[in-house]
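Trainee: Whole structure, please, built from the sequences with the hints as guidance.
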Amino acid sequence: MTPLALAGQVVLNGRPLFPPIRLELAPGRWTALLGPSGVGKSTLLRLIAGLPIGGSFTGRISGARPVALMAQDPGLLPWLTVRQNAALGARLRGEAADPARLDAILARTGLAGHAARYPAALSGGQRQRVALARTLMEDRPLVLLDEPFSALDARMRLAMQDLAAELLAGRMVLMVTHDPAEAARLAHRICLLTEAGLTAQAAPHIAAPRPPAHPEVLACQGALLTRLIEAAPA
Amino acid sequence: MSLRRIASLVLITLGCLLAWQGLVIATGVPHYILPGPGAVAGAMISHQTVLARAALHTGAEIVAGFAIGAAGGAGLAVAMAAFPRLAAALRPALLFSQVIPIFALAPLLTLWLGYGMAPKIAVTALICFFPVASAFMDGLLRTSPACLDLAQTMGAGRWRAMWHLRIPMALPGLGSGLTLAAVYAPIGAVIGEWVGGSEGLGAVMIHANGRMRIDLTFAALALVTLIALAFHGLVGALTRRALARFS
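Note that the protein sequences, when read in sequence, are chains R and C.
Letter 165 of the first sequence, counting from 1, is numbered 161 in our numbering, and no numbers are missing.
In our numbering, each number is its position in the second sequence, counted from 1, plus 30.
These aren't lab readings, by the way, just hints derived from the structure by calculation.
Check before you lean on any hint, since a few could be wrong.
[Stated by the list, open to error] Partner residues aside, some chain C positions facing chain R, computed with beta carbon under 10 Å:
#1 Ala118
#2 Pro175
#3 Leu195
#4 Met199
#5 Gly227
#6 Glu229
[Claimed, not checked] Short derived list, chain R residues pointing at chain C, Cβ under 7 Å:
#7 Ala45
#8 Ala219
#9 Leu221
For each residue, glycine too, the CB sits at the ideal point set by N, CA and C.
Mentor: What follows is the structure in structure tokens.
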């Protein structure tokens, strides 16, 4: 697997979104991109995904693509069953999904009993499980997570973080989040994106997913919060 | 419809008919200006063969014109949604086609297509075309951005994304366009029949008017209204049923 490297600047409406940055993702590692709302985290993720960003990018991107995308809006199609939604990629490419693999992924995401149900009959957490199953079905070198758990309640969010960390282990992941606790629990590397630019922050040394109340996790979370506040424009 | 609603509908209709008859008796207005509902019912019975034949003719024009207009409108909406440049080029033409009064077009269509069913079907199709194209197009342009992003990262082609995502998501819009077009379709057929030809309820109305048989005019008008209501109800029920899964 090739790592991903991005260096450059995004210009929206004639103004630079943030100072020139360098971002590198390593294979098998989970990188969190943390920052306040509106600073351009999602724009950066869209740029890496090859999606339109509504502005221009000057610089270079090299390495791992295509990507698998999982966002806050699970984007399930209401007229397809859980099983069909999980296999959406194959449907959209005109291929046949491997049924054995689909079964295995539905079982690992805890959806085996819901395969024939429609999204309207699912809870918010179950819908994100379907989105996770669909992401796993894509089996891409780079997985992009765009605040996928931010609409869930605290308990559901922790459960989904654990599940995602388990099932995406060993993959190259970029997770955009505005939640320091999420970054401190899951990431191997934490990148802080603020109006001042992109800076790195050491992640706790324990294996992810980390217990939310572990002193190292709490310390990391505290440090991230402090830096977020310090970086806020006056 | 609940029994209560049906009962209140029947009562309101009866009340209106009674008021109408009362007005005719009280003012003594001659039957060739305003016939009472009794006279209209009489005309409906005495001319039942003529009216039934005309209603079938008009009904066939409505169904054919609606089908052609809806298919054309839906097809154009898909093409415009797939090719934004085509959409930009066609949008003014579409608007232009809507500001031309259809009354002015009907004589031309009769001149070009003759006195048979064809010009009536053409007028109906023209009237049905716009609401279907515009409502379906609106739906196609409002595909959820999250789903479009997914489709793009998944490597879906333009037409697969159209078929599997955008069209199903826009079907509720298509449904409301079809239901609206079903209301307009009978108007198109009757306009066509007024302008030229000797068949259909519109022609019956024109001829009856000319012979001062206003009771027959009203009878034909009542049938047109009934056909319009029934067609609207049928299309609405069918689309709701077919699209329940997609909304």
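Trainee: Hints first: check each against the structure and report whether it holds.
Mentor: Checked hints:
1. Nearest Cβ of chain R to the Cβ of Ala118 of chain C: about 18 Å, over the 10 Å cut. The hint is violated.
2. Given hint, Pro175 of chain C at the interface with chain R, holds; its Cβ is 8 Å from that chain's nearest Cβ, closer than 10 Å.
3. For Leu195 of chain C, the interface hint holds, the least distance from its beta-carbon to any beta-carbon of chain R being 7 Å, beneath 10 Å.
4. Because the smallest distance between the Cβ of Met199 of chain C and any Cβ of chain R comes to about 8 Å, under 10 Å, the interface hint for this residue holds.
5. Because the smallest distance between the Cβ of Gly227 of chain C and any Cβ of chain R comes to about 44 Å, over 10 Å, the interface hint for this residue is violated.
6. Against a cut-off of 10 Å between C-beta atoms, the interface hint on Glu229 of chain C is violated, since the closest Cβ of chain R lies about 43 Å away.
7. Taking 7 Å as the C-beta contact cut-off toward chain C, the hint placing Ala45 of chain R at the interface holds, the least distance being around 5 Å.
8. With a cut of 7 Å, the hint placing Ala219 of chain R at the interface with chain C is violated, because the nearest CB-to-CB distance is about 33 Å.
9. Interface restraint check for Leu221 of chain R: the shortest CB-CB distance to chain C comes to about 29 Å, outside 7 Å, so the restraint is violated.
Hint compliance for this structure: hints 1, 5, 6, 8 and 9 are broken, all remaining hints hold.
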